[in-house]
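Undergrad: All chains should be built: construct the whole structure from the sequences, respecting the hints.
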Amino acid sequence: MTTPGRVVAAAAALILAAPLAACGSDDEGVPVLTFYNSPVQNLQTVVDRCNQQAAGKYKISYQTLPRTADDQRVQMVRRLAAKDDSMDILGMDVTWTQEFASANWIREITGDLKSEVEGQTLAAAVDSAKYEDKLYAAPNNTNVQLLWYRKDLVPTPPKTWDEMIQMSQQLKSQGKPYQVMTMGAQYEGLVVFFNSLVASAGGHVVDDAGEKAVMDDGTVKALEVLKNFATAGVTDPSFSNAVEDDVRRAFQDGGGAFELNWPYVWASMSEDAPDMAAKVGWARYPAIDASTPSRTTIGGSEQAVSSYSKHPDLAFDAIKCLRGPESQLYLAVNSGQAPSIESVYNDPSMDKAYPMKDVLLDELKTSAPRPRTPAYQNLSTVVAAELSPPASVEPQKTADSLRESIQAAIDSKGVLP
Amino acid sequence: MSVQEKVRIPAQRTPKKKVALSEGKKQERKLGWLLCAPAAIVMVAVTAYPIIYSVWLSLQRYDLKFPEDREFIGLTNYVTVLSNNYWWTAFGVTALITVISVTVELILGMGLALIMHKTLVGRGLVRTSALIPYGIVTVVAAFSWRYAWTPGTGYLANLVSPDGAPLTERASALAIIIFAEIWKTTPFMALLLMAGLALVPDDLLKAASMDGASWWQRFTKVMLPVMKPAILVALLFRTLDAFRIFDNIYVLSAGANETSSVSMIAYNNLMKGLNLGIGSTMSVLIFLTVAIIAFIFVKLFGTAAPGSDDGERR
Numbered sequence: 001m002t003t004p005g006r007v008v009a010a011a012a013a014l015i016l017a018a019p020l021a022a023c024g025s026d027d028e029g030v031p032v033l034t035f036y037n038s039p040v041q042n043l044q045t046v047v048d049r050c051n052q053q054a055a056g057k058y059k060i061s062y063q064t065l066p067r068t069a070d071d072q073r074v075q076m077v078r079r080l081a082a083k084d085d086s087m088d089i090l091g092m093d094v095t096w097t098q099e100f101a102s103a104n105w106i107r108e109i110t111g112d113l114k115s116e117v118e119g120q121t122l123a124a125a126v127d128s129a130k131y132e133d134k135l136y137a138a139p140n141n142t143n144v145q146l147l148w149y150r151k152d153l154v155p156t157p158p159k160t161w162d163e164m165i166q167m168s169q170q171l172k173s174q175g176k177p178y179q180v181m182t183m184g185a186q187y188e189g190l191v192v193f194f195n196s197l198v199a200s201a202g203g204h205v206v207d208d209a210g211e212k213a214v215m216d217d218g219t220v221k222a223l224e225v226l227k228n229f230a231t232a233g234v235t236d237p238s239f240s241n242a243v244e245d246d247v248r249r250a251f252q253d254g255g256g257a258f259e260l261n262w263p264y265v266w267a268s269m270s271e272d273a274p275d276m277a278a279k280v281g282w283a284r285y286p287a288i289d290a291s292t293p294s295r296t297t298i299g300g301s302e303q304a305v306s307s308y309s310k311h312p313d314l315a316f317d318a319i320k321c322l323r324g325p326e327s328q329l330y331l332a333v334n335s336g337q338a339p340s341i342e343s344v345y346n347d348p349s350m351d352k353a354y355p356m357k358d359v360l361l362d363e364l365k366t367s368a369p370r371p372r373t374p375a376y377q378n379l380s381t382v383v384a385a386e387l388s389p390p391a392s393v394e395p396q397k398t399a400d401s402l403r404e405s406i407q408a409a410i411d412s413k414g415v416l417p
Numbered sequence: 001m002s003v004q005e006k007v008r009i010p011a012q013r014t015p016k017k018k019v020a021l022s023e024g025k026k027q028e029r030k031l032g033w034l035l036c037a038p039a040a041i042v043m044v045a046v047t048a049y050p051i052i053y054s055v056w057l058s059l060q061r062y063d064l065k066f067p068e069d070r071e072f073i074g075l076t077n078y079v080t081v082l083s084n085n086y087w088w089t090a091f092g093v094t095a096l097i098t099v100i101s102v103t104v105e106l107i108l109g110m111g112l113a114l115i116m117h118k119t120l121v122g123r124g125l126v127r128t129s130a131l132i133p134y135g136i137v138t139v140v141a142a143f144s145w146r147y148a149w150t151p152g153t154g155y156l157a158n159l160v161s162p163d164g165a166p167l168t169e170r171a172s173a174l175a176i177i178i179f180a181e182i183w184k185t186t187p188f189m190a191l192l193l194m195a196g197l198a199l200v201p202d203d204l205l206k207a208a209s210m211d212g213a214s215w216w217q218r219f220t221k222v223m224l225p226v227m228k229p230a231i232l233v234a235l236l237f238r239t240l241d242a243f244r245i246f247d248n249i250y251v252l253s254a255g256a257n258e259t260s261s262v263s264m265i266a267y268n269n270l271m272k273g274l275n276l277g278i279g280s281t282m283s284v285l286i287f288l289t290v291a292i293i294a295f296i297f298v299k300l301f302g303t304a305a306p307g308s309d310d311g312e313r314r
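Quick note, the sequences are listed as chains A and B, same order.
At position 7 of the first sequence the residue is numbered 7 (the UniProt record's numbering), and the sequence of numbers has no breaks.
At position 228 of the second sequence the residue is numbered 228 (the UniProt record's numbering), and the sequence of numbers has no breaks.
Each hint should be verified, as a subset may be incorrect.
[To be verified] Pair by pair, the computed Cβ-Cβ distance ranges are:
{"id": "1", "chain 1": "A", "residue 1": "Glu211", "chain 2": "B", "residue 2": "Val46", "range": "34 to 42 Å"}
{"id": "2", "chain 1": "B", "residue 1": "Leu131", "chain 2": "A", "residue 2": "Gln174", "range": "40 to 48 Å"}
{"id": "3", "chain 1": "A", "residue 1": "Gly29", "chain 2": "B", "residue 2": "Val46", "range": "35 to 43 Å"}
{"id": "4", "chain 1": "B", "residue 1": "Gly124", "chain 2": "A", "residue 2": "Gly29", "range": "56 to 64 Å"}
{"id": "5", "chain 1": "A", "residue 1": "Gly119", "chain 2": "B", "residue 2": "Val290", "range": "56 to 64 Å"}
Keep in mind that the hints were calculated from the coordinates and are not lab data.
Quantities reported herein were computed from a predicted structural model and do not represent experimental measurements.
Each residue gets a CB set at the ideal place from its N, CA and C atoms; glycine is no exception.
TA: Right, here's the structure in full:
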């Protein structure tokens, strides 16, 4: 016999019990692995497929982190610092490797997962997942920014920054969309921009061991280019407050002639604004000097296992599937995530989803890592603060004060703004 | 002060000298202590422990990134922070925001309080609508301000500066932060001041007006002195609150272009930098500053906790 009262009671019991089932293991005693990752379109499909493949060995539960990398990291480190054992697989940005490994928050990858990762993955991506020559994470995608330009406004893409600024000024005088759009807010995006300029100019921010701040002539040259770009009148008025998605949207809406951004912009443009996509071409990131090809900052994400996980072996097993070639191909085609496994690029379905793959692979093979030190996050915050707003940079002076504050950051004496 | 002496409403006075207590009174007092003990112990546990722990952390090099390098370094962190530009810039920004927002809030709040106090028609409606900004979660309100001030999508940005991006420049960003603070907390100020207004006896105002005092004279010579304790409490609360400003800045500018407050940079050093030593040093310094502000208000201006019967203690 069912009375309304009983229905309500049953519903209430369900609601109360549901959250309990989500943690630990579910009814049949299958261990649940929590997988914390940024929100990625269609990632749930990958997780579901991996769960099916696991055939009851484990069940991965995908938990989304906030949208911005800073917020993702803050949430993770807060829990890791408290030795939270409810996180198993961590979807990390490549720049966190050093820090998490040095703090003993993630496990070293050994055995067959290690040989699998090292065997398949692009060298630059593997390199970014290492700390003190040990592998700590498995790169599941990789990333470099490209130059996107309006083919209807610019017949041939610019090769250097000077050329691009010139083209933009010309378009401006003709009353056409002219802006060069990229990320200039006081955050990681600005540091990525700066790092690409430094690498293209052959400079060094820190030494190879990551223990000493260098800031040589190449970095001063990079600062000159940055300053020149920010003051040439070719940027969006909100350049110094723009993050990836602002830039993507503004360019997609037809506001600019050039965009420097990650490849994900192509997937969303093809979907949301196919007319605009038809007018947009891509090219290698501009160089500083016409005779030296540009080097672009490598980004991307990786998966690691928390030191506090109760099921590390299962978690490593799950990573094999989550970042395996099949998953990478699926996410490349459906979510615009560039694979870290080189062979995936040869799949025919990549031609349509990643028409820019040749330029991308080219850039990836000559890409530049960000300064490698456990204090990277502090270094990045200090650099972003010193370079914000980019128009106020004074190359030599900024380089000198950066050298000092980066050294302080490495020695844990630095104060973050 | 002399004016205040004249118009002081007769308040309950506690005897200045200690009188020997009877046995029954002593027992009663003991019971009183016993009854508040659990609450007091819990409070000490949840407030004193973290305070002492942060002082202890602030004396160490303790960086979660370099767990092996943890060591006791005395006051070095204090030297580092107090000789750092970012800290003093943030301190200046915080002081500026505090002074301007509290001043404007006092003036606007007083106006609002007078309106709410005087309203005869639709009293509930007026009071409720005045309190709406205070009822909205700060982060939510801050987000709507942020969108309003974002070029392209925001009505205020398009209206005020069609070519610029106000949140990306220091002066305009600070102005927007202060504006958002004022919009948000003026109702709170008004509420506290309205409680003070209720203390002003009507007879006193009538008597003053019989003596030929103008509205302004009645306001400055009668109402303000009577309200002084309420005003000081409102100012103290708001100053302490304003000095700890965090959420508005976090959402509106995230501290870009030197708009960080001290709380913002303490958060950055602790949560983003994982530098427990430096971050705790900043927390301790913020705590000390707040304590000094409270001390100045209580000792120099004679602010008393609302409800305590010796409101005139010096």
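Undergrad: None of the hints should be skipped; say for each whether it holds.
TA: Now for the hints, and whether the structure bears them out:
no. : hint                            : verdict
1   : Glu211/A x Val46/B: 34 to 42 Å  : holds, 41 Å
2   : Leu131/B x Gln174/A: 40 to 48 Å : violated, 55 Å
3   : Gly29/A x Val46/B: 35 to 43 Å   : holds, 39 Å
4   : Gly124/B x Gly29/A: 56 to 64 Å  : holds, 58 Å
5   : Gly119/A x Val290/B: 56 to 64 Å : holds, 58 Å
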